[in-house]
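Listed here are the chains, written in short residue letters.
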Amino acid sequence: MRVIGIESSAHTFGVGIVDDGKILAKEKEMFHIGTTGMIPAEVAEFHTDNAAEVINRALKSANLNYSDIEGIGYTRGPGLGPCLQVGYLSAKTLAKKLKVPIAPVNHGVAHIESTRLISGMKDPIALYVSGGNSQILKMDNKPFKHYRVLGETFDIGVGNMLDSFARELKLTPSWGSSIEKKASGGKYVEMPYSVKGMDFSFTGLLTKAVSMIPDVPAKDLCFSIQEAAFSMLAETTERALLLTNSDEICVCGGVAQNSRLKQILNLVAKEHGARFGFIEGALNADNGAMIAMVAERMLLAGHSTSIDKCDIEQRFRVDSAEVF
Amino acid sequence: MVIGEGAEAQIYLENILGLEMVVKVRQRKEYRIPEIDEPMRRRRTRKEAGLMIVASKAGINVPHVIAVGKFSIYMEKIGGKLLKDIQNSKTYMEKVGKELARMHDSGIVHGDYTPANIMISGNETTIIDFGLADMSLDPEQKAVDLLLMKRSVTRGMYAHFEHAYVNASRNGTAVKKQLAETERRGRYQSRTLS
Ligand SMILES: Nc1ncnc2c1ncn2[C@@H]1O[C@H](COP(=O)(O)OP(=O)(O)O)[C@@H](O)[C@H]1O
Ligand SMILES: [Mg+2]
Numbered sequence: 000m001r002v003i004g005i006e007s008s009a010h011t012f013g014v015g016i017v018d019d020g021k022i023l024a025k026e027k028e029m030f031h032i033g034t035t036g037m038i039p040a041e042v043a044e045f046h047t048d049n050a051a052e053v054i055n056r057a058l059k060s061a062n063l064n065y066s067d068i069e070g071i072g073y074t075r076g077p078g079l080g081p082c083l084q085v086g087y088l089s090a091k092t093l094a095k096k097l098k099v100p101i102a103p104v105n106h107g108v109a110h111i112e113s114t115r116l117i118s119g120m121k122d123p124i125a126l127y128v129s130g131g132n133s134q135i136l137k138m139d140n141k142p143f144k145h146y147r148v149l150g151e152t153f154d155i156g157v158g159n160m161l162d163s164f165a166r167e168l169k170l171t172p173s174w175g176s177s178i179e180k181k182a183s184g185g186k187y188v189e190m191p192y193s194v195k196g197m198d199f200s201f202t203g204l205l206t207k208a209v210s211m212i213p214d215v216p217a218k219d220l221c222f223s224i225q226e227a228a229f230s231m232l233a234e235t236t237e238r239a240l241l242l243t244n245s246d247e248i249c250v251c252g253g254v255a256q257n258s259r260l261k262q263i264l265n266l267v268a269k270e271h272g273a274r275f276g277f278i279e280g281a282l283n284a285d286n287g288a289m290i291a292m293v294a295e296r297m298l299l300a301g302h303s304t305s306i307d308k309c310d311i312e313q314r315f316r317v318d319s320a321e322v323f
Numbered sequence: 000m001v002i003g004e005g006a007e008a009q010i011y012l013e014n015i016l017g018l019e020m021v022v023k024v025r026q027r028k029e030y031r032i033p034e035i036d037e038p039m040r041r042r043r044t045r046k047e048a049g050l051m052i053v054a055s056k057a058g059i060n061v062p063h064v065i066a067v068g069k070f071s072i073y074m075e076k077i078g079g080k081l082l083k084d085i086q087n088s089k090t091y092m093e094k095v096g097k098e099l100a101r102m103h104d105s106g107i108v109h110g111d112y113t114p115a116n117i118m119i120s121g122n123e124t125t126i127i128d129f130g131l132a133d134m135s136l137d138p139e140q141k142a143v144d145l146l147l148m149k150r151s152v153t154r155g156m157y158a159h160f161e162h163a164y165v166n167a168s169r170n171g172t173a174v175k176k177q178l179a180e181t182e183r184r185g186r187y188q189s190r191t192l193s
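In the order they appear, the protein sequences are chains A and B. All residue numbers for the first sequence refer to numbering that gives the first Met the number 0, where the first residue is 0 and numbers rise by one. All residue numbers for the second sequence refer to numbering that gives the first Met the number 0, where the first residue is 0 and numbers rise by one.
Please keep in mind that the hints were generated in silico from the structure rather than gathered at the bench. In this text, all values refer to a predicted model and were calculated from it rather than measured experimentally. Backbone N, C-alpha and C define an ideal beta-carbon position, used for all residues, glycine too. Do not rely on the hints blindly, as some may be mistaken.
Said to hold, decoys possible - Label-pair ranges, simulated between beta-carbon atoms:
#1 B/S105 to A/V215: 52 to 60 Å
#2 A/G80 to B/G106: 40 to 48 Å
#3 B/G78 to A/K21: 30 to 38 Å
#4 B/L12 to A/E189: 30 to 38 Å
#5 B/E19 to A/D246: 39 to 47 Å
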């Protein structure tokens, strides 16, 4: 089934097209965050200006016409209201025009499911790490099929933590990739380590690292903050793996682009004879293809939503979304 | 002989001078750099042994600590099985809820209170793995102990546990309220942006 997916929960307006789980196109335009962060209304305006062009570009790159599209998916949430609104309206307009079914998708589920499907995993422990999210999840069939949160951050997401630190160092924030570059060759200075069971928190680490900026070389701080944060994620993921007797680990979300994180998680998996799954760099960032993938599965399962019942939900919890 | 493998330690059964005991050794983790790994293992070993002794003095059923090394704790061997490996029941959940209430009332938070760290022998429960435990009266930390259990068992089983905890604990209601707050903060958190 040829399905187009639209993602606009944050700074990316992404459009993807899939057919039978295969990605035919993935196009996007990103609002560039300056050093001051971003205003939702401004980003939404950016998305509005780009929507039609990105959709056309995706169709063109898949070599398809509008009339070839058989279904539509869009990000229902979570995300910023004004941004979600743009994707939702574009999807609704398309669905009306093309008279095809539409499926609202949970953003987190899309990250996890696209990673799970592409890396060929059955029932993994999923570490979902992006700007605002850091969660450890696993599929649960009761009372309906959904991803259950086994552990998560008590405060900020690991991506935001690394980005805030990058900004303090006057580096470009990008889910930690600037920290990763800077960390090479650094040596460890002691950092706080905060784990409770399968939960963790990052503000203590951030505060401490920021307070050391004047006295410790930046590369040592980048190395240390990264090692401490990833060790926390690795330890809690390991605990989830053992508690659930699982034999697969996958990592997804923007921070999954960090190669040191992948290396660490691979060691966790290896130690317990588990498989480790991840997907190609760019697919970890927000994109429309992951929305299309989940939407296709929903539509094939007969789970479309009538156009007038579609909406957005800024706080759409990952564990309240049914998975097909 | 290795008898158990937890998240961070290996458990050996050793016969020392005719005495059968369990040795918990925190192994080196390849995934952490040694600068993080070594002090952490040393710190946790010392702390765990200390808190087991405190808990035992407070009348909580824990393995008796025999000796403590750099990365190892020598302790009494507990018979039976882990709660996570047996058919759960209302009786166990209530017992385990009451035990947590007593532990909290004596100033200890466990930090990893799940069926993987509770042993059952007959109708006796023994709490193990104080590796993430702490001395604290903070309702927030206590709530985390409930939250971990909540995430590890079915809704129905958790209800028995919570009920017994709230009835037995000195600040049960406050902790329950804090739990709701902690869950709200964590789970309903919207995606914030850089
Ligand atoms: N005193 C004991 N007697 C018998 N078995 C034990 C004892 N302590 C630990 N075990 C076994 O070893 C496993 C791991 O121990 P635990 O202290 O939970 O380590 P970890 O911190 O690695 O989770 C337990 O799940 C249990 O099966
Ligand atoms: Mg344990």
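Hints, one by one, checked against the model:
For B/S105 paired with A/V215, a C-beta distance near 40 Å fails the hint of 52 to 60 Å. Checked against the given bound of 40 to 48 Å, the beta carbons of A/G80 and B/G106, roughly 45 Å apart, stay inside it. Restraint check, B/G78 to A/K21: a C-beta distance of roughly 55 Å breaks the suggested window 30 to 38 Å. With their beta carbons about 35 Å apart, B/L12 and A/E189 fall inside the hinted range of 30 to 38 Å.
Between B/E19 and A/D246 the CB atoms are about 32 Å apart, so this pair departs from the stated range of 39 to 47 Å.
Of the hints listed earlier, those the structure fails to meet are numbers 1, 3 and 5, in rising order.
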